[in-house]
Amino acid sequence: MTKDSILLSLPEEVIENTLKFIPDDDSALLDISLVCKKLYRLSNSPLEWRTRCRRFRYWEPRHEYQKKVKHPLPAEVDWRSLFVERIYSYKRTTMLLNEIISSPVDRINKFNKIADIGCDAKDCLAEHANASDDVEDVLARRWYAAAAIHYIHRRQAIMGWKKLASGEDISLEYALGCFELFILKTPEGDIDDISGILDELAARFRSETANFADMSTKAKALALCTYMNREGFRGASYESYRALKNAFIGVSLRTDRTNLPLTATAIYCSLATRVGLAAYPCSFPYHVLAIVRNEDGNYIYLDPFRGEGSDLPVQGLEHQLSELGVGATKDEFLCPSPTTDIVLRTSRNILESLRRAPGPPDIQQEAVEIDRHSALYAALTASALLGPRITLNVVQHMARRIQDEYSMDVQFFEEDIVPKLEDRNARELLLEKCGELRAEDSAQRPVSRRENSDGNDVRYRVGTVFVHKRYPFQGVVFGWSRTCAPREGEEWMQTMGVDTLSRGRHQPFYLALVMDGSVRYVAEENIVVSQTDPVESLKKLAGKYFKRYSRAERMFISNIRDEYPDD
Numbered sequence: 003m004t005k006d007s008i009l010l011s012l013p014e015e016v017i018e019n020t021l022k023f024i025p026d027d028d029s030a031l032l033d034i035s036l037v038c039k040k041l042y043r044l045s046n047s048p049l050e051w052r053t054r055c056r057r058f059r060y061w062e063p064r065h066e067y068q069k070k071v072k073h074p075l076p077a078e079v080d081w082r083s084l085f086v087e088r089i090y091s092y093k094r095t096t097m098l099l100n101e102i103i104s105s106p107v108d109r110i111n112k113f114n115k116i117a118d119i120g121c122d123a124k125d126c127l128a129e130h131a132n133a134s135d136d137v138e139d140v141l142a143r144r145w146y147a148a149a150a151i152h153y154i155h156r157r158q159a160i161m162g163w164k165k166l167a168s169g170e171d172i173s174l175e176y177a178l179g180c181f182e183l184f185i186l187k188t189p190e191g192d193i194d195d196i197s198g199i200l201d202e203l204a205a206r207f208r209s210e211t212a213n214f215a216d217m218s219t220k221a222k223a224l225a226l227c228t229y230m231n232r233e234g235f236r237g238a239s240y241e242s243y244r245a246l247k248n249a250f251i252g253v254s255l256r257t258d259r260t261n262l263p264l265t266a267t268a269i270y271c272s273l274a275t276r277v278g279l280a281a282y283p284c285s286f287p288y289h290v291l292a293i294v295r296n297e298d299g300n301y302i303y304l305d306p307f308r309g310e311g312s313d314l315p316v317q318g319l320e321h322q323l324s325e326l327g328v329g330a331t332k333d334e335f336l337c338p339s340p341t342t343d344i345v346l347r348t349s350r351n352i353l354e355s356l357r358r359a360p361g362p363p364d365i366q367q368e369a370v371e372i373d374r375h376s377a378l379y380a381a382l383t384a385s386a387l388l389g390p391r392i393t394l395n396v397v398q399h400m401a402r403r404i405q406d407e408y409s410m411d412v413q414f415f416e417e418d419i420v421p422k423l424e425d426r427n428a429r430e431l432l433l434e435k436c437g438e439l440r441a442e443d444s445a446q447r448p449v450s451r452r453e454n455s456d457g458n459d460v461r462y463r464v465g466t467v468f469v470h471k472r473y474p475f476q477g478v479v480f481g482w483s484r485t486c487a488p489r490e491g492e493e494w495m496q497t498m499g500v501d502t503l504s505r506g507r508h509q510p511f512y513l514a515l516v517m518d519g520s521v522r523y524v525a526e527e528n529i530v531v532s533q534t535d536p537v538e539s540l541k542k543l544a545g546k547y548f549k550r551y552s553r554a555e556r557m558f559i560s561n562i563r564d565e566y567p568d569d
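One gets my numbering by counting positions in the sequence shown from 1 and adding 2 to each.
Hints were generated in silico from the structure; no laboratory data involved.
Even for Gly, the Cβ is constructed at its ideal location relative to N, Cα and C.
Please note: incorrect hints may appear among the correct ones.
Below 25 Å or equal to it, Euclidean Cα-Cα: the simulated BS3-like pairs (lysine-lysine) are [stated by the list, open to error]:
{"id": "1", "residue 1": "Lys69", "residue 2": "Lys165"}
{"id": "2", "residue 1": "Lys93", "residue 2": "Lys70"}
{"id": "3", "residue 1": "Lys187", "residue 2": "Lys93"}
{"id": "4", "residue 1": "Lys187", "residue 2": "Lys222"}
Per label pair, the in silico range of CB-to-CB distance [stated by the list, open to error]:
{"id": "5", "residue 1": "Lys422", "residue 2": "Arg208", "range": "41 to 51 Å"}
{"id": "6", "residue 1": "Arg391", "residue 2": "Lys22", "range": "52 to 62 Å"}
{"id": "7", "residue 1": "Lys422", "residue 2": "Thr497", "range": "32 to 42 Å"}
{"id": "8", "residue 1": "Val86", "residue 2": "Arg489", "range": "44 to 54 Å"}
{"id": "9", "residue 1": "Ala280", "residue 2": "Val537", "range": "45 to 55 Å"}
{"id": "10", "residue 1": "Gly299", "residue 2": "Pro390", "range": "30 to 40 Å"}
{"id": "11", "residue 1": "Ser218", "residue 2": "Thr257", "range": "25 to 35 Å"}
{"id": "12", "residue 1": "Thr497", "residue 2": "Tyr243", "range": "32 to 42 Å"}
{"id": "13", "residue 1": "Gln496", "residue 2": "Ser539", "range": "23 to 33 Å"}
Produce the complete structure using the sequences and hints provided.
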């Protein structure tokens, strides 16, 4: 009896259970289905393909995945084709990521191809972002996978705000959740997760509220306010009011649930909508309120930030407006606000938090780590897409961000930002920056060799971990020049006092990635080789330039050999 016939002689349930052990990321199951009619029938059970599809967490909306999962007749859903498409996306994502890691050329195009796959790429990227320590290029793989996830999120946010700008009906939670997408570098915490948390909170409110269906609109609105208070939602204290995390709806939902008036109101309105109330934010000066439309069409005003169990009399609000000098236009501040206005107000809140100097450590201790550069980029992007006009100052800040961190966003700038610019200088500045980024991305990097006849030897190699002689930071060398040659030119050298150094400008200078994420240009005389392993924050960042860290050599292993082949 042949091996094939032995397999086929087994009971069908044994064969079916055996098939379950074939990995999802392998085409073997598809190949097995072509062996014979029996294996084709057993391996093509709709339930088997559905089970495999359910192992993927993230799906592009076009698949209508949740609708398919809830279908009462699995056989009427083409689960096999859906699985085949996901496996193709998985393999293509891995191929593109490998190309990005292995070569710096054409990365912008490859990142965009991954982003075109969208949410279908996130499961694959999440695996690479959590690569085990024994993977040869572990740091690079983790860093570039996280960068791809981050880019997918940003593209999703930009598309959401573009729809809002064009007049499409975008939910408040989605529009504000777009800010979240700019700060997320992991798959978790996206808009679907925000909606999931809100769904659970709303369902719990309904189940815990006796006789909900028989209550008046006002009673329901007040009960929801009390419920949020019971669930731990609190207005931020005076001392922590401007903590950056308070401006993000998802961070508030996932962590300590302290927030700004705008964030509290957005959460309230999202929950109210889920339980059948007509609720809207109201852009009252200095303090966003919630409006619920009563049965008779009149407005009920509430303050979810303070969690009070009573509504706010309209006469009192009108008096406050009069005290603020608001006269004929006061009705504008007592009506539902467009979602666009709330997004722009959130943008201003983020910018205000970023302007404030950090307070005492106990006040500024964040429940989650929020990258300030990403938060700034989110606020500027929202302002650029939804605001009346884009200022030169905003363009300069955004141009700096794409140059330093987000080169893959160049297409967004070319297609969506440049056409909106009224200022000719701003247009030319941004187009020039985009052109430079594309040229740099498509070109082979210049090679720096160590062989040199002028005697000006470069002491430290790419991958050297060091501490600064004068300042308290740790960094790693990822580039060097034989003499001081900053991108900013002579002006930078004068500002930094390079000629006051003991060896002046005619000594090697090193490009260094620092543990706070910044890039420094350090004179050789200020480098002291570290005698300890790099801090974890530096390891996480180092994947942009390095494959892994070698404890035996106390060096990062370079992933930029094309530029520095002797290092």
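Evaluated hints:
no., hint, in the structure
1, Lys69 x Lys165, "24 Å, holds"
2, Lys93 x Lys70, "24 Å, holds"
3, Lys187 x Lys93, "21 Å, holds"
4, Lys187 x Lys222, "38 Å, violated"
5, Lys422 x Arg208: 41 to 51 Å, "43 Å, holds"
6, Arg391 x Lys22: 52 to 62 Å, "58 Å, holds"
7, Lys422 x Thr497: 32 to 42 Å, "33 Å, holds"
8, Val86 x Arg489: 44 to 54 Å, "48 Å, holds"
9, Ala280 x Val537: 45 to 55 Å, "52 Å, holds"
10, Gly299 x Pro390: 30 to 40 Å, "32 Å, holds"
11, Ser218 x Thr257: 25 to 35 Å, "34 Å, holds"
12, Thr497 x Tyr243: 32 to 42 Å, "36 Å, holds"
13, Gln496 x Ser539: 23 to 33 Å, "32 Å, holds"
Checked against the numbered hints above, the structure breaks only hint 4 and satisfies the rest.
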